[in-house]
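Could you put together the complete structure from these sequences and hints?
Number of protein chains: 2
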Amino acid sequence: MSGLDEERLARAYLLRVAEPPAPALHAFVADQGPLAAAKAVRADDCPPRVRDETAARRDVERAEDDLAVADRLGARLVIPEDDEWPAWPLLCLDQAGRRGVQGMAQPLALWVRGDARLDTVTEAAIAVVGSRAATGYGEHVGGELAYGLAGHEISVFSGAAYGIDGAAHRGALAGSGVTVALLGCGVDAGYPAGHVALLNKIAERGGLVVSEYPPGTSPARHRFLVRNRLIAALSQGTVVVEAGRRSGARNTATTAGVLGKVVMAVPGPVTSAMSIGCHELIQESGATLVTSIDDVIAQAGKLGALPGERASARRPTDRLGPDALRVHEALDRGQGKSAEEIAAESGVPLVRVRALLSALEIDEFAQRCDNGWKRSAARRGRR
Amino acid sequence: MSGLDEERLARAYLLRVAEPPAPALHAFVADQGPLAAAKAVRADDCPPRVRDETAARRDVERAEDDLAVADRLGARLVIPEDDEWPAWPLLCLDQAGRRGVQGMAQPLALWVRGDARLDTVTEAAIAVVGSRAATGYGEHVGGELAYGLAGHEISVFSGAAYGIDGAAHRGALAGSGVTVALLGCGVDAGYPAGHVALLNKIAERGGLVVSEYPPGTSPARHRFLVRNRLIAALSQGTVVVEAGRRSGARNTATTAGVLGKVVMAVPGPVTSAMSIGCHELIQESGATLVTSIDDVIAQAGKLGALPGERASARRPTDRLGPDALRVHEALDRGQGKSAEEIAAESGVPLVRVRALLSALEIDEFAQRCDNGWKRSAARRGRR
Numbered sequence: 001m002s003g004l005d006e007e008r009l010a011r012a013y014l015l016r017v018a019e020p021p022a023p024a025l026h027a028f029v030a031d032q033g034p035l036a037a038a039k040a041v042r043a044d045d046c047p048p049r050v051r052d053e054t055a056a057r058r059d060v061e062r063a064e065d066d067l068a069v070a071d072r073l074g075a076r077l078v079i080p081e082d083d084e085w086p087a088w089p090l091l092c093l094d095q096a097g098r099r100g101v102q103g104m105a106q107p108l109a110l111w112v113r114g115d116a117r118l119d120t121v122t123e124a125a126i127a128v129v130g131s132r133a134a135t136g137y138g139e140h141v142g143g144e145l146a147y148g149l150a151g152h153e154i155s156v157f158s159g160a161a162y163g164i165d166g167a168a169h170r171g172a173l174a175g176s177g178v179t180v181a182l183l184g185c186g187v188d189a190g191y192p193a194g195h196v197a198l199l200n201k202i203a204e205r206g207g208l209v210v211s212e213y214p215p216g217t218s219p220a221r222h223r224f225l226v227r228n229r230l231i232a233a234l235s236q237g238t239v240v241v242e243a244g245r246r247s248g249a250r251n252t253a254t255t256a257g258v259l260g261k262v263v264m265a266v267p268g269p270v271t272s273a274m275s276i277g278c279h280e281l282i283q284e285s286g287a288t289l290v291t292s293i294d295d296v297i298a299q300a301g302k303l304g305a306l307p308g309e310r311a312s313a314r315r316p317t318d319r320l321g322p323d324a325l326r327v328h329e330a331l332d333r334g335q336g337k338s339a340e341e342i343a344a345e346s347g348v349p350l351v352r353v354r355a356l357l358s359a360l361e362i363d364e365f366a367q368r369c370d371n372g373w374k375r376s377a378a379r380r381g382r383r
Numbered sequence: 001m002s003g004l005d006e007e008r009l010a011r012a013y014l015l016r017v018a019e020p021p022a023p024a025l026h027a028f029v030a031d032q033g034p035l036a037a038a039k040a041v042r043a044d045d046c047p048p049r050v051r052d053e054t055a056a057r058r059d060v061e062r063a064e065d066d067l068a069v070a071d072r073l074g075a076r077l078v079i080p081e082d083d084e085w086p087a088w089p090l091l092c093l094d095q096a097g098r099r100g101v102q103g104m105a106q107p108l109a110l111w112v113r114g115d116a117r118l119d120t121v122t123e124a125a126i127a128v129v130g131s132r133a134a135t136g137y138g139e140h141v142g143g144e145l146a147y148g149l150a151g152h153e154i155s156v157f158s159g160a161a162y163g164i165d166g167a168a169h170r171g172a173l174a175g176s177g178v179t180v181a182l183l184g185c186g187v188d189a190g191y192p193a194g195h196v197a198l199l200n201k202i203a204e205r206g207g208l209v210v211s212e213y214p215p216g217t218s219p220a221r222h223r224f225l226v227r228n229r230l231i232a233a234l235s236q237g238t239v240v241v242e243a244g245r246r247s248g249a250r251n252t253a254t255t256a257g258v259l260g261k262v263v264m265a266v267p268g269p270v271t272s273a274m275s276i277g278c279h280e281l282i283q284e285s286g287a288t289l290v291t292s293i294d295d296v297i298a299q300a301g302k303l304g305a306l307p308g309e310r311a312s313a314r315r316p317t318d319r320l321g322p323d324a325l326r327v328h329e330a331l332d333r334g335q336g337k338s339a340e341e342i343a344a345e346s347g348v349p350l351v352r353v354r355a356l357l358s359a360l361e362i363d364e365f366a367q368r369c370d371n372g373w374k375r376s377a378a379r380r381g382r383r
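Top to bottom, those sequences are chains A and B.
Taking the UniProt record's numbering, the leading residue of the first sequence gets 1, the next gets one more, and so forth.
Taking the UniProt record's numbering, the leading residue of the second sequence gets 1, the next gets one more, and so forth.
FYI, nobody ran anything at the bench for these hints, they're computed from the structure.
Any given hint could be a false lead.
Unchecked claim - Pairwise CB distance ranges, derived in the manner of DEER restraints:
| hint | chain 1 | residue 1 | chain 2 | residue 2 | range |
| --- | --- | --- | --- | --- | --- |
| 1 | A | S176 | B | A273 | 27 to 33 Å |
| 2 | B | E284 | A | G151 | 44 to 50 Å |
| 3 | A | D71 | B | A273 | 51 to 57 Å |
Bear in mind that the values here come from a model prediction, so they are computed numbers and not experimental data.
We put the beta carbon where it would ideally sit given N, CA and C, even for glycine.
So this is what it looks like as structure tokens:
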């Protein structure tokens, strides 16, 4: 862990005191910065909605312990102030939140096990998800798809459950690919017990084990659902391999759709209860039927989300910090806006907006126009 | 066989001399009537395109023999002049032909085995088709769907091949339903050999065995493709249960789509070569994924094509002969047309158009307006 120690301690504290997703706290931190926000929460001197999210645990002072425990596990806390923070993929959560979708707040920070950079693994990433009670067919197909993604240097994102999640990680590992497990519990929870060795292998072989829950947090059903938004947000598309009529994998797929990601489903025998959810996603939710790795890549490629384009497009945007991204988000392509308007819309202080606009202009993300600022035409191809 | 003996003989002759589909001959017969058309073909006194279609066999005088053979088989020749001619369902072939789709001519008549009325069995009908080389899964699902259709008093239409076709007929028979086999050979060809008993059972148990090919015609690949348009036209929707990458069932589905019918496909394991065609139909051709009889009925019901509506809508239109249908087809809902314009568009002689328009007015199919005639608003709900 290097630098930004105060911010990291502040965010470790905030992650401990608020149960994700904590949209009011996230907005408060974005507005005040983590240090001032943590101070205000500790002092119980914060807006009512932030107070609601933090009141129950604001006295829990475990940040240093959590960081120490994580360190012993070979884990770290990645914060938005870090270079490796996956700012672009997570922006879609803000956008959905602004559209009024509940529960879409960005994480305040992420606990991460494994050596890979968190931003790098999200560059080209597909979520492969499905039922715990998978059939042999589903495990075979999930494993094959993940193996194929590995061969195309696309990261596999999934949960850590038995069934499809495990098959996906094993398939990616068999293909020497990068695979990322998002947990609904602490990275040290050892859950599910039968996957402890698999999770260790993921972290050791170039993948990541990721959670927004502090070390020691136990698994819970609502946490898996909250976690699903991160699987959907951090990947460019989600493939549901098998899902029963009620299935957490369908929740991930629905969230991916809300976030504007590609949603895909693998068909199966109509006689199999484990394919009902996939068929319903195709029939009712507009998921695209995919039968092979080629289908998955073709679909994800339609959004311009996979390698090639990203490889060349990545460098410039990676230099932008979270405030710059928010300012950029507030810019239109057509009409210009004043710095004041941009400050109001992005929530970034006006003085900082002015500085960032100049920086964005140099990097060709923004350009001046008659009535203010707009997005640069040079970057029209970016999402 | 009762009445219309001359027309029946003429059409039996014409079916013998032209290989279906024979669009020029069909148009010629529609224009001249079967007696004059047969006379002109025999005399080699017909338009060049009709001559092209009939030159090779115009000397084959087998009409009386064909009718006698059919009679011995318990078969009959149903002609457009008969009450039981399924004029409405077949109209879509004319419409497609006018849009320039090749090979969509109506049949000149149909050889039919079985006691059911041909028009009645098409009132509520779904085609269930698929590969000869079906898997156990496909045969199970095809049989179950047909059984379910039987339970809803919906006729099953299919070919007579091994695999899905046979499973569909057996399923419908098991459900005591009406099932109709469309052949690509004569109704007496005994093809495929292993399905002779099945075809007999279909004809004996309230279903029909149907072909536009005269008795004795041998099966041929191109005839199965030509036959497919009748399966598609005579049903309100087509379900493909299993289909390989190249499959005649896909041809039927594509034709059904061209004819404006509901196209459905059953998914299966992505590891099964016999489901590739179904998945591609869903991915590339807009076929609707269906997993159950409920799905099939819901889909077909969307076009208002199945019972209920049809039951009440049927009576009036069944009284219309082919000329009246063509005149009705030529009418618009919005703008009026003169009788001359309608004659030109329908190809029905002006004097007959005038008489038919009055008849159509009485039946509320047509109404007078400022500048001539248009379709009656009272029947707006009809297709």
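- Message: Flag every earlier hint the structure violates by its number, smallest first.
- Response: 2
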